[in-house]
Amino acid sequence: MDTSSSSRRSLGTFLLVLAGVIALAVWLVGWALPLVVLCVLAIVMFHEFGHYLTARLSGMQVTDFFVGFGPPLWSMTHRGTRYGVRAIWAGGYVKVPGMTWTDSVDPSLESKTYRAASYPRKVLFASAGSLMHVVMALGIAFASLVFVGAPSSTAIGVGGFVTFDHGVANAARAAGLQAGDRIESINGHSHPTIAQIVSTVQAAPGGTVTIVVERSGRLVTLHAHPLNGQTLRVGGQPVTSSKVPVGYLGISLRELTTTTPVLQAVPQSFSLVWHTITEAVASIGHVFSPSEFVTLYHQVTTPALASQPAQQQKRPVSIVGVVRVADQAVQSNVGAFLQILVVLNIFVGVLNMLPLLPLDGGHVAVATYERLRRRRGQAYHADLRKMMPVVYAFVTVLLVLFASTLYLDIAHPIANPFR
Numbered sequence: 323m324d325t326s327s328s329s330r331r332s333l334g335t336f337l338l339v340l341a342g343v344i345a346l347a348v349w350l351v352g353w354a355l356p357l358v359v360l361c362v363l364a365i366v367m368f369h370e371f372g373h374y375l376t377a378r379l380s381g382m383q384v385t386d387f388f389v390g391f392g393p394p395l396w397s398m399t400h401r402g403t404r405y406g407v408r409a410i411w412a413g414g415y416v417k418v419p420g421m422t423w424t425d426s427v428d429p430s431l432e433s434k435t436y437r438a439a440s441y442p443r444k445v446l447f448a449s450a451g452s453l454m455h456v457v458m459a460l461g462i463a464f465a466s467l468v469f470v471g472a473p474s475s476t477a478i479g480v481g482g483f484v485t486f487d488h489g490v491a492n493a494a495r496a497a498g499l500q501a502g503d504r505i506e507s508i509n510g511h512s513h514p515t516i517a518q519i520v521s522t523v524q525a526a527p528g529g530t531v532t533i534v535v536e537r538s539g540r541l542v543t544l545h546a547h548p549l550n551g552q553t554l555r556v557g558g559q560p561v562t563s564s565k566v567p568v569g570y571l572g573i574s575l576r577e578l579t580t581t582t583p584v585l586q587a588v589p590q591s592f593s594l595v596w597h598t599i600t601e602a603v604a605s606i607g608h609v610f611s612p613s614e615f616v617t618l619y620h621q622v623t624t625p626a627l628a629s630q631p632a633q634q635q636k637r638p639v640s641i642v643g644v645v646r647v648a649d650q651a652v653q654s655n656v657g658a659f660l661q662i663l664v665v666l667n668i669f670v671g672v673l674n675m676l677p678l679l680p681l682d683g684g685h686v687a688v689a690t691y692e693r694l695r696r697r698r699g700q701a702y703h704a705d706l707r708k709m710m711p712v713v714y715a716f717v718t719v720l721l722v723l724f725a726s727t728l729y730l731d732i733a734h735p736i737a738n739p740f741r
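Its first residue numbered 323, the sequence shown is counted upward by one per residue in this note's numbering.
The set of hints was computed from the structure by calculation and includes no laboratory data. What you are looking at is a predicted structure, and each value in this text was computed from that prediction instead of being measured. Treat the hints with care, as some may be off.
To be verified - Listed next, with one range per pair, are the computed distances between beta-carbon atoms:
id	residue 1	residue 2	range
1	A737	V609	17 to 27 Å
2	V584	E432	47 to 57 Å
3	E577	G498	15 to 25 Å
4	D386	A701	43 to 53 Å
5	R504	V343	42 to 52 Å
6	S430	V343	37 to 47 Å
7	R698	V427	44 to 54 Å
8	A701	V609	35 to 45 Å
9	D428	A632	55 to 65 Å
From the three backbone atoms N, C-alpha and C, an ideal C-beta is built for every residue, glycine too.
Construct the entire structure; sequences and hints are all you get.
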């Protein structure tokens, strides 16, 4: 039987089954959750693709490139590399021979192993997954700024109106303001922030403020007369306890979403990603601190504490928590969902570069140590067996962190932050 045609038929069968599974999932839980799961899986596989691409470009032999773990569902071999999909979609992997000096490798492949590569190629290969996360984060940030937009502190709109007690007329309505109006200027001050609008109105009780709004693509100039807040009540409660007159129009304000021009979005994307990287470094330091593990212990053993919103906002989340929050975001706000993807990419990329095995950063650390110990062209081979106690200790810490956050995300899920 023709191997290539058999592989194509099995791939077609697999894709058909996959389409059926996705369709069933959409029918059962809606489109948002399957989309989030596929995005997370795509992030994982782009990480592995970074390793695959740099291995190929640097002359290393890639023997396996798989989505998932466990028994294979489909596979094919092309130019010495086996590609495929396995049953458990909890990640993926790229296999390059000779990741350690004790690996048994076919002598004909020795020149294409990881251990035979130069130091720069080893570092590039080991770092490629995290670099791919940065690339993905930049792409997502750029697309979000250009095509979706983000709330702007200088693009303020009218969200709604306040109803005062005793039939007192709303000053904003009386001036002609409408929900959805974008405030372009107030008393000649262009593109004001919410704080600037509030301070201008509060400073003019009984006076007049001139407001220019954009409505349906045209500019409209309105003259409003703020009421004295000392005389106003809402639901039986005074709107202010000020001892001096304070101006009130009776509107709610909100930051509007605005898109960014392409040329401006490039530096803004880099700035956003860099800011996210610095926050990720700080948060990872906090996550692995003894105080955080003490806090997690108290939350796991004290359900009332784990259910407090103040505690939930500060705790790390498992992949279950990430998927749940991303699912809530995509149903509420596409921009928020994309922001979560940016944060997820950067957090995973930074975490993966910690200089400890089995993370990629551990391989960079080992390669660097071997390079520093090299003398007069004589290669130094690190004995990874001596590092195993540290590896086991670190893996134990990861397992404790994973188990506790997974339990909390299932038993005491974080409240929907987008309501």
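Going through the hints against the structure:
no., hint, result
1, A737 / V609: 17 to 27 Å, "holds (21 Å)"
2, V584 / E432: 47 to 57 Å, "holds (48 Å)"
3, E577 / G498: 15 to 25 Å, "holds (22 Å)"
4, D386 / A701: 43 to 53 Å, "violated (26 Å)"
5, R504 / V343: 42 to 52 Å, "holds (45 Å)"
6, S430 / V343: 37 to 47 Å, "holds (41 Å)"
7, R698 / V427: 44 to 54 Å, "violated (26 Å)"
8, A701 / V609: 35 to 45 Å, "holds (36 Å)"
9, D428 / A632: 55 to 65 Å, "holds (58 Å)"
Consistency with the previously given hints fails for numbers 4, 7, ordered from lowest to highest.
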